[in-house]
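Student: This is what each chain is made of:
2 protein chains.
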Amino acid sequence: MRIALDGMGGDQAPAVVVEGALEALNQVPEVELVLVGRPEALEPHLSRLAAPPGRIRVHPATQVAGMEDAPSHVLRHLRDCSIRVCFDLHKAGEVDAVVSAGNSGATMAVGMVVMGRLPEVDRPALASVFPGLMGPTVVVDVGANVDCSASMLLQFGYMGAVYAEQVLGIARPTVGLLSIGEEDVKGNAVVKHAHEFFKTSALNFIGNVEGRDLFAGDARVVVCDGFVGNVCLKLAEGMFNALKRVVKERIGQTLAGRLGTLLLRAPLRDVSTTLDYENYGGAPLLGINGVAFICHGASSPRAIGSAVRLAAESVRGRS
Amino acid sequence: MRIALDGMGGDQAPAVVVEGALEALNQVPEVELVLVGRPEALEPHLSRLAAPPGRIRVHPATQVAGMEDAPSHVLRHLRDCSIRVCFDLHKAGEVDAVVSAGNSGATMAVGMVVMGRLPEVDRPALASVFPGLMGPTVVVDVGANVDCSASMLLQFGYMGAVYAEQVLGIARPTVGLLSIGEEDVKGNAVVKHAHEFFKTSALNFIGNVEGRDLFAGDARVVVCDGFVGNVCLKLAEGMFNALKRVVKERIGQTLAGRLGTLLLRAPLRDVSTTLDYENYGGAPLLGINGVAFICHGASSPRAIGSAVRLAAESVRGRS
Numbered sequence: 001m002r003i004a005l006d007g008m009g010g011d012q013a014p015a016v017v018v019e020g021a022l023e024a025l026n027q028v029p030e031v032e033l034v035l036v037g038r039p040e041a042l043e044p045h046l047s048r049l050a051a052p053p054g055r056i057r058v059h060p061a062t063q064v065a066g067m068e069d070a071p072s073h074v075l076r077h078l079r080d081c082s083i084r085v086c087f088d089l090h091k092a093g094e095v096d097a098v099v100s101a102g103n104s105g106a107t108m109a110v111g112m113v114v115m116g117r118l119p120e121v122d123r124p125a126l127a128s129v130f131p132g133l134m135g136p137t138v139v140v141d142v143g144a145n146v147d148c149s150a151s152m153l154l155q156f157g158y159m160g161a162v163y164a165e166q167v168l169g170i171a172r173p174t175v176g177l178l179s180i181g182e183e184d185v186k187g188n189a190v191v192k193h194a195h196e197f198f199k200t201s202a203l204n205f206i207g208n209v210e211g212r213d214l215f216a217g218d219a220r221v222v223v224c225d226g227f228v229g230n231v232c233l234k235l236a237e238g239m240f241n242a243l244k245r246v247v248k249e250r251i252g253q254t255l256a257g258r259l260g261t262l263l264l265r266a267p268l269r270d271v272s273t274t275l276d277y278e279n280y281g282g283a284p285l286l287g288i289n290g291v292a293f294i295c296h297g298a299s300s301p302r303a304i305g306s307a308v309r310l311a312a313e314s315v316r317g318r319s
Numbered sequence: 001m002r003i004a005l006d007g008m009g010g011d012q013a014p015a016v017v018v019e020g021a022l023e024a025l026n027q028v029p030e031v032e033l034v035l036v037g038r039p040e041a042l043e044p045h046l047s048r049l050a051a052p053p054g055r056i057r058v059h060p061a062t063q064v065a066g067m068e069d070a071p072s073h074v075l076r077h078l079r080d081c082s083i084r085v086c087f088d089l090h091k092a093g094e095v096d097a098v099v100s101a102g103n104s105g106a107t108m109a110v111g112m113v114v115m116g117r118l119p120e121v122d123r124p125a126l127a128s129v130f131p132g133l134m135g136p137t138v139v140v141d142v143g144a145n146v147d148c149s150a151s152m153l154l155q156f157g158y159m160g161a162v163y164a165e166q167v168l169g170i171a172r173p174t175v176g177l178l179s180i181g182e183e184d185v186k187g188n189a190v191v192k193h194a195h196e197f198f199k200t201s202a203l204n205f206i207g208n209v210e211g212r213d214l215f216a217g218d219a220r221v222v223v224c225d226g227f228v229g230n231v232c233l234k235l236a237e238g239m240f241n242a243l244k245r246v247v248k249e250r251i252g253q254t255l256a257g258r259l260g261t262l263l264l265r266a267p268l269r270d271v272s273t274t275l276d277y278e279n280y281g282g283a284p285l286l287g288i289n290g291v292a293f294i295c296h297g298a299s300s301p302r303a304i305g306s307a308v309r310l311a312a313e314s315v316r317g318r319s
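Which chain is which? The protein sequence lines are A and B, in order.
So the first sequence is residues 1 to 319, counted in the numbering used here.
So the second sequence is residues 1 to 319, counted in the numbering used here.
Hints were generated in silico from the structure; no laboratory data involved.
Virtual Cβ for every residue (Gly too), placed ideally from N, Cα, C.
Incorrect hints may have been included.
What the hints assert, rightly or not - Derived DSS-like pairs (lysine-lysine); straight-line CA-CA distance at most 30 Å: (1) B/LYS192 x A/LYS248; (2) A/LYS192 x B/LYS192; (3) A/LYS248 x B/LYS248; (4) B/LYS248 x A/LYS186; (5) B/LYS244 x A/LYS244; (6) B/LYS186 x A/LYS244; (7) A/LYS192 x B/LYS244; (8) A/LYS244 x B/LYS91.
To be verified - With the C-beta cut set under 10 Å, the calculated list includes, among others, these residues of chain B facing chain A: (9) PRO44; (10) VAL191; (11) ASN241; (12) ARG245; (13) GLY257.
What the hints assert, rightly or not - Some chain B residues flagged as far from chain A (calculated, every beta-carbon gap over 10 Å): (14) ARG2; (15) GLU30; (16) HIS77; (17) GLU94; (18) GLY116; (19) ASN289; (20) GLU313.
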């Protein structure tokens, strides 16, 4: 299995991406990586980190899409940028998936244009796997489409269910529609309309779910528009980081606190691992005719490694 | 200062509400409570808990609005229900504020109709105070209006800023517009339109903010539509409860865990108090010509006590 990794994408590219590549080689033994970008920028990091030469190689791309470049600009004027070359390799069948921590709007646009959409998909969507107490929950859309129609939401439901089934291995996953109350009549205009579509769909629809159900609910797939989903994703990340910071600050202040922390190190690390977004680092772009994972621009090497692992699982799930 | 408390509102009314009333009398020394509802349901609990007779009295209301009753039904047909009588007392000047854990849609509707709106307010909104790391953050709207126009969002900004200034004592509070990126052009159609209004307003507008900024951001007031705000509120509550549960389960399993927990009891309680929603238990209904706090139906006595405390602070802020 070969995966193209955008070597130039991310707030601290290429250093962090190359570190993430090595993390991925450790996490996923069967994968080979194609690191796309400027060889003169990438190769020093590969040497510095003593990358195993057989499993990772550099593929050149002369341009780089900036984090603020408009997707239309990237599509029209940066035809040899690293993210574009990643998808060109995927389209040509030279790699099985693409992972990028670069400009996410541009990555989505280039992915859709180069790979094309799956049949019956109007608009591809970005999913994110929330670490729930009852198991992972696929939330879709988390940012690809901000203004959505009811029929778009229904398509997101199908795409999320396919992902949950094929990649996460959840048979006939339960699907919920994110709203502000469980009753059918609750929601904004689009959600109320979508509720009618879901009720008569072939999905295993369990009705409306609420914000709290993203962590402890019965739905394995939660559908919302990309504005709401993106706000939720960043809220959850922000809250997790805020909690970690507060606990650390308060507990570090006393001797008892420091001793207690030592005793609790293993279970706290365990909780942190269960709920840490970095272990779910990467959002699959669903509905395109290929496999692509988009990482946060601030991704750590571990998050990039996780995204490559998820991409590999997706490739296996599709075959 | 006198506050009317809806004795019949909440999932476990009247028992929990009466316990909350006593909690409130302890927390707020200068307040007198008027407990509204069926005397035969309320008085046994008051006797059982040995309520101090001088500071709490029962005011009769013969009807009760169910948690699922439509607001229009409550307005038309339940003119002697506890929540209606609370607002009638407020309108007549016999109390300074209303607190209810009952049917929130009905409470909002009755509050608006009985009290009337403030000048220049088209639609009252529900606010919630998020416990941020940098201090409290007022989020508005969290559920009163699900489909909003750009000008409604601007009004929410003004109402939130007035609340932050008068009740929380924050001079010239910073205001942010909840979106999916900090750049001006990010957002859905309504948010992008609203951004233009905010930029030319008299508010201390700092631009778009993201989900993570609800906990650690620079904005003391965050504006969003009631659908997004309600999802965020329930997501944050759900995540906090999920984290507490996971930490408890994992840590209770080992001897070191139990010993460490003993050592960390004080700081962990401290963190929990800072971030626990029960200490912020109650959402002010902004834009009406009066003071009203709406509590979650599942509110604990402590949450109801906090709502009475916040209502008292609002009354002081207005005078």
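Student: Taking the closest pair, is the beta carbon of B/ASN289 still more than 10 Å from chain A?
Tutor: Fine: 26 Å to the nearest Cβ keeps B/ASN289 off the interface.
Student: Checking hints one by one. Is B/ASN241 an interface residue toward chain A, by the C-beta closer than 10 Å rule?
Tutor: At about 7 Å, which falls below the 10 Å cut-off, the nearest Cβ of chain A leaves the hint on B/ASN241 intact, so it holds.
Student: Against the 30 Å threshold, does the CA-CA distance of A/LYS248 and B/LYS248 hold or violate the hint?
Tutor: 17 Å, holds
Student: Classify the label on B/HIS77 as holds or violated, using whether its beta-carbon is more than 10 Å from each beta-carbon of chain A.
Tutor: 19 Å, holds
Student: Do the alpha carbons of B/LYS186 and A/LYS244 lie within 30 Å of each other, as the hint requires?
Tutor: Within the cut-off at roughly 29 Å; holds.
Student: Was the hint right that B/ARG245 lines chain A, CB cutoff 10 Å?
Tutor: Holds - the Cβ of B/ARG245 comes within 10 Å of chain A, reaching about 7 Å at its closest.
Student: Examine each Cβ of chain A, and state whether all of them lie more than 10 Å from the Cβ of B/ARG2.
Tutor: At roughly 33 Å from the nearest Cβ of chain A, B/ARG2 sits farther out than 10 Å, so the non-interface label holds.
Student: Going straight from one Cα to the other, do A/LYS192 and B/LYS192 come out at no more than 30 Å?
Tutor: At roughly 24 Å apart (the allowed maximum being 30 Å), B/LYS192 and A/LYS192 satisfy the hint.
Student: Let's test the interface hint: is any C-beta of chain A closer than 10 Å to that of B/PRO44?
Tutor: 32 Å, violated
Student: For B/GLU30, which was marked as not at the interface, is the minimum beta-carbon distance to chain A over 10 Å?
Tutor: 32 Å, holds
Student: Should the hint that B/VAL191 touches chain A count as held when the rule is a Cβ pair under 10 Å?
Tutor: 8 Å, holds
Student: Against chain A, does B/GLU94 keep a CB gap of more than 10 Å to every residue?
Tutor: The claim holds: B/GLU94 sits with its nearest Cβ about 33 Å from chain A, beyond 10 Å.
Hints 1, 4, 7, 8 and 9, counting from the list given before, are not met by this structure.
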